[in-house]
Amino acid sequence: MTTVPQSVPREAGRIRSMVDIYLSTARMAIASEFQYRTGHYFFLLGMIAEPVIYLVVWTTIADQQGGEVQGLTAGYFAAYYIVWTLVRNMNIVFGAPYWEYRIREGDLNRDLLRPVLPLHYDIAWFAGWKVVMIVLWLPIAFGLSLVFDPSLSPRPAEIVTFAIAIWGAYLIRTMLQESLGMLCFWTTRGAAIFDLYMTVELLLSGRLVPLPLMPDWVQEISRFLPFQWAFYFPIESLVGDLSNQELVQGLLIQLLWILIGLAIFKVAWRSAIKRYSAVGG
Amino acid sequence: MNAVRVSWLFLKLGVLNELQYRVNFFVSLMQAAIALVTGLVVLALVYSHTEELNGWSKSELLCVLGVQILMGGAIKMYIQPNMTRLIEDVRDGKLDFALTKPEDAQVLVSVREVRIWQAVDIVSGLIVLAVGLSRVTTSFGPPEAAAFAVSLVFGAVLIYCFWLVIATVAFWVVNMWHAVELFDGIFQTGRWPIGIYPTWLRVSVTFLVPIAFAVTVPAEALTSRLDWQTLVLAAVFTVVAFAIARWFWRYGLSKYSGASA
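Chain order of the listed sequences is A and B. For the first sequence, our numbering assigns the number 113 to the initial residue and increments by one for each residue that follows. For the second sequence, our numbering assigns the number 67 to the initial residue and increments by one for each residue that follows.
Quick caveat, the hints were computed from the structure, so don't treat them as lab data. Please read these numbers as outputs of a predicted model, since none were measured by experiment. Ideal placement from N, C-alpha and C gives every residue a C-beta, glycine not left out. Treat the hints with care, since some could be wrong.
As the list claims (entries may be wrong) - Stretch by stretch, here's where chain B covers chain A in the computed footprint (C-beta under 8 angstroms, at least three residues):
1. 151-159
2. 173-181
3. 305-313
4. 321-332
Said to hold, decoys possible - Reference excerpt, derived from the structure (chain B facing chain A, CB under 8 angstroms, subset only):
5. 74
6. 96
7. 97
8. 100
9. 102
10. 104
11. 105
12. 109
13. 123
14. 192
15. 247
16. 252
17. 265
18. 269
Model the full assembly from the supplied sequences, consistent with the hints where possible.
Next up, the structure:
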């Protein structure tokens, strides 16, 4: 009985200092990454080649077939792949290959000395970076809209959902990639597995095509996997025609996958860190 | 002919060097397999919704994919490693080592690196190409084969010229890290018939980044679409681009003051 009144304020203080760590790390990231805006711009420009190619291919097919492919119009494709660029950006996280680097270069030794898990710094730093990327993305989205003429008329509820869902996507992908990164504690040749993962993700997330264009069995499988909730759902929440119930449902499924990913990461981290022994420093 | 001798020597050296790392062969094999499967899945997906894309059938587009993989392999094996090394050397001040040698500097910086395991892509591209070709109904004889070979060489030289210009920019702009990603992204446009792109993009990937000449034109030669005017244009453009690239390289070099010493 006596422990309860003590632990409540301690818990509150812990949360407050955690929020503090997140905010300061994110602020540092914003300041630091904004310096490299030219470099980031080149990166963004290189990135839009991929969706522009998909967009042109599907628009061509839509035009050949009298305006639409399976009910999806050229305007829809344009909107889909323009919003795609932002969602793709939110999907770039502290990826599994970086764990290999972090372990090899000994950066992990430094990270381990800090009082909180490296995961927290990763999430906070990339979250700050995302803010910079969103700002840089806006002119590109504007330019693409002028060229490709998207049909986009979201309801307020869809805009709100989208604003939340892109961060949900960010967290889902962070959890999955960080969990996958734990493999680096066991092998130095994770690259092959990461490539395989990226391919499965490419096909099942909606990055390649809007999922309705996939064969039915693929759609069925991908419903039970996390990938589309980090990619197709955020795009569709803004571009598509989801009901309010579907929007809320989508956000809840995102939350579910974040928690599942976090659980996997925690289990993997616990056994990974036991195997780790620092070299050099 | 000294240039050829030097290139050959560097090639032998590079091969010996790479042969030490045999596991990389399997990594390349795995990556090539993944890339190939992805490419085929995308193709199957597109043609499950349509019979033809801008007048190209599935088998013909398989040829395009084959040429794109083949050319991509050649670029990653020989052109890109040399050019990224050039960019890095300018930044680190190591370019002076190449410049002080008694040989044409452009030849030296263009032949120093070779990644032989990328040959896996060349082989996989050839296989895709052969499969595509066996299903194409148009005739394929010695004239088509010759036109294909010639246009492939023009394409490779053009890509080299493009990369040399980009790498030369490093004399002024040190921050060129994203050049590779930028190029890899744009190179993917080669997977599809160039005719589907809007005009601004089509012109860009023909003359600005010569992907149309590197992939589409050879693929057109394979599928009997190539007219001799295009081939002549490719030849003229290759000569002009080579002259421009060489001039720009020398101009950049004359502005280069060295970083070390």
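Hint-by-hint comparison with the structure:
no., hint, result
1, 151-159, "holds (count 6)"
2, 173-181, "holds (count 4)"
3, 305-313, "holds (count 3)"
4, 321-332, "holds (count 4)"
5, 74, "violated (32 angstroms)"
6, 96, "holds (5 angstroms)"
7, 97, "holds (6 angstroms)"
8, 100, "holds (5 angstroms)"
9, 102, "violated (11 angstroms)"
10, 104, "holds (6 angstroms)"
11, 105, "violated (11 angstroms)"
12, 109, "violated (11 angstroms)"
13, 123, "violated (13 angstroms)"
14, 192, "violated (22 angstroms)"
15, 247, "holds (5 angstroms)"
16, 252, "holds (5 angstroms)"
17, 265, "violated (11 angstroms)"
18, 269, "violated (14 angstroms)"
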